[in-house]
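Engineer: These protein sequence lines are chains A and B, in that order. For what it's worth, our numbering labels the leading residue of the first sequence as 1, then goes sequentially. For what it's worth, our numbering labels the leading residue of the second sequence as 1, then goes sequentially.
These aren't lab readings, by the way, just hints derived from the structure by calculation. Do not take every clue at face value.
Which stretches of chain A does chain B cover? Using the computed rule of at least three CB atoms under 8 Å from a CB of chain B, they are [what the hints assert, rightly or not]:
{"hint": "1", "region": "85-91"}
{"hint": "2", "region": "152-165"}
{"hint": "3", "region": "253-264"}
{"hint": "4", "region": "277-288"}
Taking CB as the label site, the calculated pair distances span [as the list claims (entries may be wrong)]:
{"hint": "5", "chain 1": "B", "residue 1": "S57", "chain 2": "A", "residue 2": "T202", "range": "50 to 60 Å"}
{"hint": "6", "chain 1": "A", "residue 1": "E78", "chain 2": "B", "residue 2": "Q285", "range": "48 to 58 Å"}
{"hint": "7", "chain 1": "A", "residue 1": "S86", "chain 2": "B", "residue 2": "A228", "range": "38 to 48 Å"}
{"hint": "8", "chain 1": "B", "residue 1": "P102", "chain 2": "A", "residue 2": "T175", "range": "54 to 64 Å"}
{"hint": "9", "chain 1": "A", "residue 1": "E78", "chain 2": "B", "residue 2": "A313", "range": "51 to 61 Å"}
{"hint": "10", "chain 1": "A", "residue 1": "A130", "chain 2": "B", "residue 2": "L113", "range": "35 to 45 Å"}
{"hint": "11", "chain 1": "B", "residue 1": "R128", "chain 2": "A", "residue 2": "E78", "range": "27 to 37 Å"}
Glycine is no exception: its CB is placed at the ideal position from the N, C-alpha and C atoms.
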Amino acid sequence: MAASQHELEVTPTGTPLTVEAPGSLPPKGEPVAGKRARSEFVYFAFRNWKFVLGLSVVLVFVGLAIFGPMVTDHKPLEFSGPTDQSPSHEYWFGTTSFGQDVFTQFVFALRAAFLVGAVGGGIAWLLGAAIGFTAGYRSGWIDDLLNMLTNVVLVIPTLAILIIVAAYLNVHSYTTEAILIGLTSWPWAARAVRAQTFSLKTRDFVDIARLSGRRTTQIITTEIAPNMSSYLLMMFILLFGGAILIGASLDFLGLGPSTSVSLGLMMNSAYLSSALLLGSWWWFLPPGIGIIGIVGGFYVMNVGLDEIFNPKLREK
Amino acid sequence: MIRYLARKLVIYLVTFFVAVTIDWAIPRFMPGDPVEGLLARMHAQPESQQALTSYYSKAFGFDVPVWKQYLNFWAALLHGDLGVSIANYPTPVWELIRGAVPYTLALLVPAILLSFWAGNKVGALAARRKVLDNTVLPASYVLTATPQMWLGIVLAWVLATTLHWFPVSGAYDLSLQPAWTLEFARSFLHHWVLPFSALFLVAFGGWAIGMRNMIIYELEADYSNYLAALGAPTKLVRRYAYRNALLPQITGLALALGAVVAGAIVVEIVFSYPGLGTLTLSALQNRDYFLIQGIFLFLIMGVLIANLIIDIAYVFIDPRTRVGMQGGE
């Protein structure tokens, strides 16, 4: 048995997830304890500066994505104004060399980024959880088969497979792109969930549930999953950020939809129009800052959450 | 140890098999006729259309039953035949890839190894040291969330087009020919610094965060407390912690390979660096499908070989895999 109460799981982003040993959670089925746990969560959450900082940054971008398109009176791809303008009172983020308003492009692109993150990360999360739970709970050939599947998809570089799929399948919407991303980026999550389920299924409370004749799906959803809910939440956040980064690379390669704007596509057109040589920094800086803000905000929030869920990690 | 490596090898063989099958199946089972779709996007003249249609049908091997198409694909592949590039007709795909690979490797290998080494060292130093922790960690979080191509663009903007310290594109001065001369080596290094830095910095952030967290975790473990209680110097305790923390980091290295390769592809494009990434972009723009398929297979083979190397390294670092106990999962 491991010497420590926690287990660390490696993630591709470099931010390991810590998992509290399930035995130390309050007993299930006692509403009082549940309520106390929830208010305790809120208490610690808003005293953790990392969580608050990460959440605030993400919320700023959510706000921009929601209200930005309402404020602006341009269309993202419309050739409306003067070309190559630096930021001014009229064009907050300047204009592109086609005369498009960069601010308008930016806020619409943020919407696309959140869509890709939510749908892509969501699908990867569902697949990872479903495959991880099944593989971890059922041993034998189902585990072997799913494990092999996970390992195979894990080794194949996500972008490589997306390039070849997107090259043949013309991607017309960000939803399609997000689905493709979700279908290829679940393996590390599945592996992490499998390892957790594996150690949880030998616990007494799972044995009792099994003895009482509950069905497997029921045991997984009511006994195992709730005991690793914090883990599942943090996993979703990492997958969300990962999906945005992959989507940006795909769009930068010109494999995303070309009829609407995204952060990767903004970088792509800035690069192709030699914004670099012209020194149009207002064109190529915002998309990267947007990505760093959203993804970095999520990662920092995740560290905060980690400390909230694991009292041992809290700053002394 | 043999069993551990054999198990890994089986996984990689299956992966290779799956990758080849995907490479074969995607053009055939995607909605729509690939040849027609290809030609529609090529805007070919009507008279050349006919010739191209029959050429592609033959090149894809559509004139035989599906199972035979699949076997033919494997047969050609095992003979090292990846087809002929459409845009650079009649150069074989294999030749184009061979010309690009050295440049990609020259970026990737140093970026992977140096970022892993430096990130781990700095991350270990930062753990439990307030000042370092409060500077290195936030910087690392920003770096690990940065898209490599954007960092490349910013580096090129600041250091190349504004300050003129480094050239903005290419792998060497265009007045030179690739040769083993000092002049070429200097020009090559000068062009190499920026794309390398973009890849290095993003990966560095991830490793620093990972190692910092792992060390804190290991320093809390019983063996560390026991060592400390025996009166061992802090330096020794940290050295033990470092060795243990390195194991999950190496597992993470295998996981991160895909992301680094993806990063190299987009960074090369930013700097017009003549590696696989730039080749991918030109293949995509020219709809050079055989080339895209060839690059795909090549990338996967590269990642598989890298994985195998990491597995072998793991055997040397983790004694448990050598005696057939658990570990190396």
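Engineer: Work down the list of hints and note, for each, if the structure agrees.
Structural biologist: Cross-check of the supplied hints:
Evaluation of the coverage hint for the region 85-91 of chain A: breached, as 0 residues show C-beta separations to chain B shorter than 8 Å, against a requirement of three. With a threshold of 8 Å between beta carbons, the proposed coverage of the region 152-165 of chain A by chain B holds, since 12 of its residues qualify and at least three are required. Note: the region 253-264 of chain A has 4 residues with beta-carbon separation from chain B under 8 Å; the three-residue rule is met and the coverage holds. By the rule of at least three residues with a Cβ nearer than 8 Å to a Cβ of chain B, the coverage given for the region 277-288 of chain A holds, with 7 such residues.
Evaluation of the 50 to 60 Å hint for S57 (chain B) and T202 (chain A) yields a pass: the beta carbon distance comes to about 58 Å. Between E78 (chain A) and Q285 (chain B) the beta carbon distance is about 25 Å. The supplied range of 48 to 58 Å is therefore violated. Checked against the hint of 38 to 48 Å, the C-beta distance between S86 (chain A) and A228 (chain B) comes to roughly 58 Å, which is inconsistent with it. Between P102 (chain B) and T175 (chain A), the C-beta spacing of about 40 Å breaks the proposed range 54 to 64 Å.
In this structure the hint that E78 (chain A) and A313 (chain B) lie 51 to 61 Å apart at CB holds, the actual value being about 54 Å. Between A130 (chain A) and L113 (chain B) the CB atoms are about 36 Å apart, so this pair conforms to the stated range of 35 to 45 Å. Against the hinted window of 27 to 37 Å, the Cβ-Cβ separation of R128 (chain B) and E78 (chain A) comes to about 54 Å, which falls outside the hint.
Of the numbered hints stated above, those contradicted by the structure are hints 1, 6, 7, 8 and 11, listed in ascending order.
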